[in-house]
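Undergrad: What follows is each chain in one-letter form.
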Amino acid sequence: MEAALLGLVTIAIGVGGCVGYFYFSNVILDKFIYPAEGPNAGHNINRANQIRPWLFLFPAIAALGLYLAYPVFETLRLSFIDRDAGNAFVGFANYQQMMSEPKFWEAMRNNMLWLIVVPAAATAFGLLAAQLTDRISWGSVAKSLIFMPMAISFVGASVIFKLVYDARGADQNQIGVLNAVWMQFEGGAGSFLFLKILPAIVLLGFAGIVGYVAYLLLRPLMRGAGGGAIFSALRVLGAAGAAYLVVVSLRTVISVFSADLAYGEPQQWLTLPYYNNFFLMVVLIWIQTGFAMVILSAALRGIPEETIEAAVIDGANPFQIFFRIKIPQIMPTIVVVWTTITLTVLKVFDIVFAMTNGQWETQVLANYMFDKLFRANDWGVASASAMVIMLLVTPILVWNVYNARKEMR
Amino acid sequence: MASNSGTKSGLTWAVNISVVVLVALWLFPTVGLFVSSFRTADQISASGWWGALFPAEQNLVLRTSDPDDTRVEENGRFVVSGRVFEEGMDVDISAWGVSSRAIDDYQPGDTADMGDGETLTLAPDGTYVWSGNDDQISGRGQRIFVTATTPPELTTDNYTTILFSGSGQDNLAKAFFNTLTVTIPATVIPILIAAFAAYALAWMEFPGRALLIAAIVALLVVPLQLALIPLLRFHEWIGIGKGYLGVWLAHTGFGLPLAIYLLRNYMVGLPRDIIENARVDGATDFQIFVKIILPLSFPALASFAIFQFLWTYNDLLVARVFLIDATGQTTVMTAQIVELLGTRGGNWEILATAAFVSIAVPLAVFFAMQKYLVRGLLAGSVK
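If you read the sequences in order, they're chains G and E.
Take the first sequence: its letter number 178 is residue 178 in our numbering, and every next letter is one higher.
All you need for our numbering is the position in the second sequence, starting with 1, plus 1000.
Chain G extracted, bound-state conformation (with noise of 0.2 Å):
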């Protein structure tokens, strides 16, 4: 009760004195240091506008610049600095202890898998989400329901699907969904059909869709045209990276059809290691799927009519105008719906930490750093780990920087 006390007290206090900070220096400003009246009046007024918007921002850029710029400075700082030894300078020590774990390549390889997959299944469960519910009577309805694991908090999250993973004994009834759904298989031809072929559609389609963005990107470096050196190397290295990704599914294509399941028994799915991260990751693409659908619809309404109706006049059939006339209108969006689920992806933290905690091989990085900070105490290599963060952020970072500059001009 006094917490909300001091609550209301804070607000009060936090409104009246923005609104008295703004309000007075408006009129200090305006009746006492440069006065609009007297014989410099047109001077004093033209000094007052010029110095009027520093006092409209002023709260916003110490705020801004003591809690957001000010600690990228101070952890960079901060990750060359032994706190036991003093604060004494110590290179990259911090780094080196950091890359000799091997808790933080486990992380890295794990948040490198959250990255790909993550920003994939939610944006192609939204964009299909979307182009579905726009074409019902009812998608309204169905969008604010795909829509509402959004106003879920990452912890409640975690208990919804601690539930669905839920393991109990091979003799009892499960009370897990997903455990309640894998007893029903016991190796006939239905679990063959869902559990060897379904996967191995999904993951050759996988393979083909990267397979095919691959090629576009090579496409004009085979033509010659590539536009600059460096967007040359960006485009092979994209390729690059879009091969290895194919060879990776490929392989899991032949590892599914190898592997011998355990049918009948009921399986602790979050100690499954390696594949424990897919069912985190779960969890994420379950919430993030409505913001990729609430953006894309919108983009995908957005399109101009003429177009479609060209190709249909063209005798395109629905496939071909998705994949041919709306996908490429509305590519801007979807690199926007990318690359914000990106870094959401790249903060991760309540979900590992509330459901596994790191064990069982799903560390990720944002955790490692909180672990580091609180349990091993060790502020150095916290630090180091969070730059590794910003390191990965950056280029999103600068991509937006980029394009926000180019819409003002």
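Hints are computed from structural coordinates only; laboratory data are not their basis.
Incorrect hints may have been included.
[As the list claims (entries may be wrong)] With a cut-off of at most 25 Å between alpha-carbon atoms, the simulated PhoX-like pairs for lysine-lysine come out as follows:
no., chain 1, residue 1, chain 2, residue 2
1, G, K347, E, K1242
2, G, K406, G, K103
3, G, K31, E, K1291
4, E, K1291, E, K1242
[As the list claims (entries may be wrong)] A few chain E positions that, by computed beta-carbon distances, are all more than 10 Å from chain G:
no., residue
5, L1053
6, S1081
7, N1133
8, L1154
9, Y1159
10, S1165
11, S1167
12, I1274
13, A1278
14, D1285
15, A1354
Since this is a predicted model, take the numbers as computed values, not measurements.
All C-beta atoms in this analysis are idealised placements derived from N, C-alpha and C, irrespective of residue type, glycine included.
Dock chain E against the given chain G, drawing on the hints supplied.
TA: The following block gives chain E in isolation, referenced to the frame of chain G:
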């Protein structure tokens, strides 16, 4: 789209069914939690929540009434009779037994011979007659193992426990108020600061404006993780340590880039005429802002308010780092639920209810203000 109407209606059907499947998949996990929060611990561990809405076959362990109080002497034998189920419960017994090793030995209506003349008869409606000599019909009531189909039963007891009567970790009431104490100031204060800054960036001319906007776009993506250690040190240094003040300040700082970005984008789109007319009529910037810009910007303000509310209400990391100290008096709901996951991992009736209490408020806000949320998302994603 397609040339003949047959394939067209087929396609419409396919689309409708796909959307139903998609919505069901997305809704299923949440519904599971919701249904589980209305079931007792026994029900949850006996069957999956999807069975909660239908009569379910359960193995029950019941007991006859206490022989020392209720036995009646008849012809030298002692008899205890009654009904194993409460009044009004409509139960369909399929099998029963008197030993834990053979729980389905007898059919309803059968008489169990328990040796030395001791017998127990259980009728299909749940009434029993237990008879034997003085020695046998004494002590505690006889256990009866019943396999029965019981009607679905939902209860709000879990909510009473979590909100009012629970003790220690099981009571979420304090954490609920703590969360609101964090959330409301952390939503209100950044709006004001951001609104003034956004107005300056949208409608005032000054050198360095473009640079500032670029800086805000850059700060939009700076990960929170970078700020934790320096700010923890800073809060220690200025002496506020861990507490509400620290968490309010932190949320204000972290929410500002999005707030300024959203509001500036909206204010730039307001009609120039109105503002210039007001200037010509002699209004000061402060007056223009308060009397014209703020009322017109209401949709954008609402959008950001919802974002910031959801984000601060659902946050775990900032609260863990800047608020919750060793005493645990200031714990918030998300943090308490994570602790419950650790200590009461198997008690789904507690977990499900606690989680649902915590997500109820955001869900209500979501459904009430969805329009503004969508608008904000569309404006806020950097184009």
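Undergrad: Could you run down the list of hints and mark each one as holding or not?
TA: Results of checking the hints against the structure:
no.: 1; hint: G:K347 / E:K1242; result: 23 Å, holds
no.: 2; hint: G:K406 / G:K103; result: 41 Å, violated
no.: 3; hint: G:K31 / E:K1291; result: 21 Å, holds
no.: 4; hint: E:K1291 / E:K1242; result: 39 Å, violated
no.: 5; hint: L1053; result: 15 Å, holds
no.: 6; hint: S1081; result: 33 Å, holds
no.: 7; hint: N1133; result: 38 Å, holds
no.: 8; hint: L1154; result: 16 Å, holds
no.: 9; hint: Y1159; result: 16 Å, holds
no.: 10; hint: S1165; result: 19 Å, holds
no.: 11; hint: S1167; result: 19 Å, holds
no.: 12; hint: I1274; result: 19 Å, holds
no.: 13; hint: A1278; result: 15 Å, holds
no.: 14; hint: D1285; result: 6 Å, violated
no.: 15; hint: A1354; result: 8 Å, violated
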